[in-house]
Amino acid sequence: CFERDLIPRLADATIKKAPRFTDRQFELAIPEVVCAFAKLQIQHRPLLKTIATLCQKKGVLTNMNDWGLCALTWSYAEVFQGAEFSEFRKSLREEVVR
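Residue numbers (the numbering used here): 166 to 263.
Calculated directly from the structure, the hints in this document are not laboratory data.
Hints may contain errors.
For each label pair, taking beta carbons as the anchor points, the in silico distance ranges come out as [what the hints assert, rightly or not]: (1) 193 / 248: 27 to 33 Å; (2) 170 / 231: 31 to 37 Å; (3) 189 / 263: 17 to 23 Å.
No more than 30 Å apart at the CA atoms, straight line, and that leaves these computed lysine-lysine pairs for BS3-like [claimed, not checked]: (4) 204 / 181; (5) 204 / 182; (6) 255 / 182; (7) 181 / 255.
As the structure is a computational prediction, the values presented were derived from the model and not from experiment.
Note that beta-carbon positions come from the ideal geometry of N, C-alpha and C, so glycine has one too.
Can you build the whole structure from these sequences, using the hints too?
Structure below.
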């Protein structure tokens, strides 16, 4: 029941609200949400695609705090390994090295 009801609602709310977040809100909230999904081994593809797209469009990776960048990097590398995220994983790795 938990996963069936709450998780999709949380993901949908995040998808709807994330594009309107300030850079600071995005930097703080999004890595936590993505990391929580990763720790629970929940792959909500629409959410993951939205986050990857917004990170690249908004350019927030260059200003993201270390924890947020590491959380996203771990989540997309270790848990969300789909080929569709390969470019985003590359962007994350490049930013971590910087």
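Could you check the structure against the hints above and give me the numbers of any it violates, in ascending order? none
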